[in-house]
Amino acid sequence: MSDITKLAGFEFTKYVNYKDVGKVIALRGLNIKNGKIVLNDVKYIDNSDFSKLNRSKLFKNDLLFTYVGTIGEVAIVPVDDRFYLAPNVARIRLNKGDDAHFLGQIIANKTFYNQVIYPLIATSSQPVLSMENIRKFNIILPTLEEEQRLGGIFRKIDNLITVNQRSPPPHYFLVILYLYAVIFTFKQTKSA
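In my numbering, the protein residues as written are 1421 to 1612.
Hints are supplied without guarantee of correctness; some may be wrong.
Within a straight-line C-alpha distance of at most 27 angstroms, the following computed DSS-like cross-link-like pairs (lysine-lysine) qualify [claimed, not checked]:
{"no.": "1", "residue 1": "K1477", "residue 2": "K1556"}
{"no.": "2", "residue 1": "K1576", "residue 2": "K1456"}
{"no.": "3", "residue 1": "K1453", "residue 2": "K1556"}
{"no.": "4", "residue 1": "K1439", "residue 2": "K1472"}
{"no.": "5", "residue 1": "K1556", "residue 2": "K1530"}
{"no.": "6", "residue 1": "K1456", "residue 2": "K1516"}
{"no.": "7", "residue 1": "K1456", "residue 2": "K1443"}
{"no.": "8", "residue 1": "K1480", "residue 2": "K1456"}
{"no.": "9", "residue 1": "K1456", "residue 2": "K1530"}
{"no.": "10", "residue 1": "K1530", "residue 2": "K1480"}
{"no.": "11", "residue 1": "K1443", "residue 2": "K1453"}
{"no.": "12", "residue 1": "K1530", "residue 2": "K1472"}
{"no.": "13", "residue 1": "K1576", "residue 2": "K1453"}
{"no.": "14", "residue 1": "K1453", "residue 2": "K1439"}
{"no.": "15", "residue 1": "K1439", "residue 2": "K1477"}
{"no.": "16", "residue 1": "K1472", "residue 2": "K1516"}
{"no.": "17", "residue 1": "K1453", "residue 2": "K1480"}
{"no.": "18", "residue 1": "K1439", "residue 2": "K1480"}
{"no.": "19", "residue 1": "K1453", "residue 2": "K1463"}
{"no.": "20", "residue 1": "K1576", "residue 2": "K1463"}
Worth flagging that the hints you see were computed from the coordinates, not collected in a lab.
Keep in mind it's a predicted model, so treat the numbers as computed, not measured.
Full structure from sequences and hints, please.
Given below as structure tokens:
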């Protein structure tokens, strides 16, 4: 994970002032659910010292990952200049060219959770995954072109789900789409 991303957690400082109204939202763990940012219970930080919160500023296509309590919820930041990290949420900023929708689908996958995330979770009064362990995620990516193509497919599926207000398809469906795209690419390359 560390070779394809920059990872940051919340900068817990005395410079954050939470309010119930404002424009700049601090995204907490409860705001990340089912691949979306949920804005029905937010805290604003408009009066905070932003010069001290550079690493917490979120940009479009940053991935958000919850790592305390409910571990493994993932969402993609939709716009610039509106959101900052709050406790229990990590920012995963991809290297230029990598597709946030593709990586988000990989990380949010139940199989990935069971095989990669779950063994790294430390349990006490509440489950927690350290930033060090998040950096250990081993993710095998296809070529950049395939990654972007598949990310586009995932975006279309997400949009259809949102428009139709249906539950997401099972994760194995996404794996089938990936395999289909890889096979299709291989056949096209071979016949050319």
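- K1530 and K1480: Cα distance at most 27 angstroms? holds (25 angstroms)
- Task: Assess, step by step, whether the Cα of K1456 is no farther than 27 angstroms from the Cα of K1516, and give holds or violated.
- Result: holds (22 angstroms)
- Does the structure keep K1453 and K1556 at a Cα separation of 27 angstroms or less? holds (23 angstroms)
- Query: Taken at face value, is the distance from the CA of K1472 to the CA of K1530 at most 27 angstroms?
  - Reply: Violated, at about 36 angstroms.
- Query: Holds or violated: K1439 with K1472, Cα cutoff 27 angstroms?
  - Reply: Answer holds: K1439 to K1472 is near 18 angstroms, not above 27 angstroms.
- Task: Would you mind confirming whether the straight-line C-alpha gap from K1439 to K1477 stays at or under 27 angstroms?
- Result: Within the cut-off at roughly 17 angstroms; holds.
- Query: Are the Cα atoms of K1576 and K1453 separated by 27 angstroms or less?
  - Reply: Status holds; Cα separation ~19 angstroms.
- Query: Does the alpha-carbon distance linking K1456 and K1443 stay inside the 27 angstroms limit?
  - Reply: At roughly 19 angstroms apart (the allowed maximum being 27 angstroms), K1443 and K1456 satisfy the hint.
- Quickly compare the C-alpha distance for K1556 and K1530 to 27 angstroms and report which way the hint goes. holds (18 angstroms)
- K1439 paired with K1480 [C-alpha distance capped at 27 angstroms]: holds (23 angstroms)
- Message: Hinted pair, alpha-carbon criterion (27 angstroms max): K1443, K1453. Please report holds or violated.
- Response: holds (21 angstroms)
- Item | Agreement of K1576 and K1463 with the hint, judged by alpha carbon distance not exceeding 27 angstroms | It is violated: about 31 angstroms lies between the C-alpha atoms, which goes past 27 angstroms.
Violated hints, listed in ascending order, are 12, 20; each of the other numbered hints is respected by the structure.
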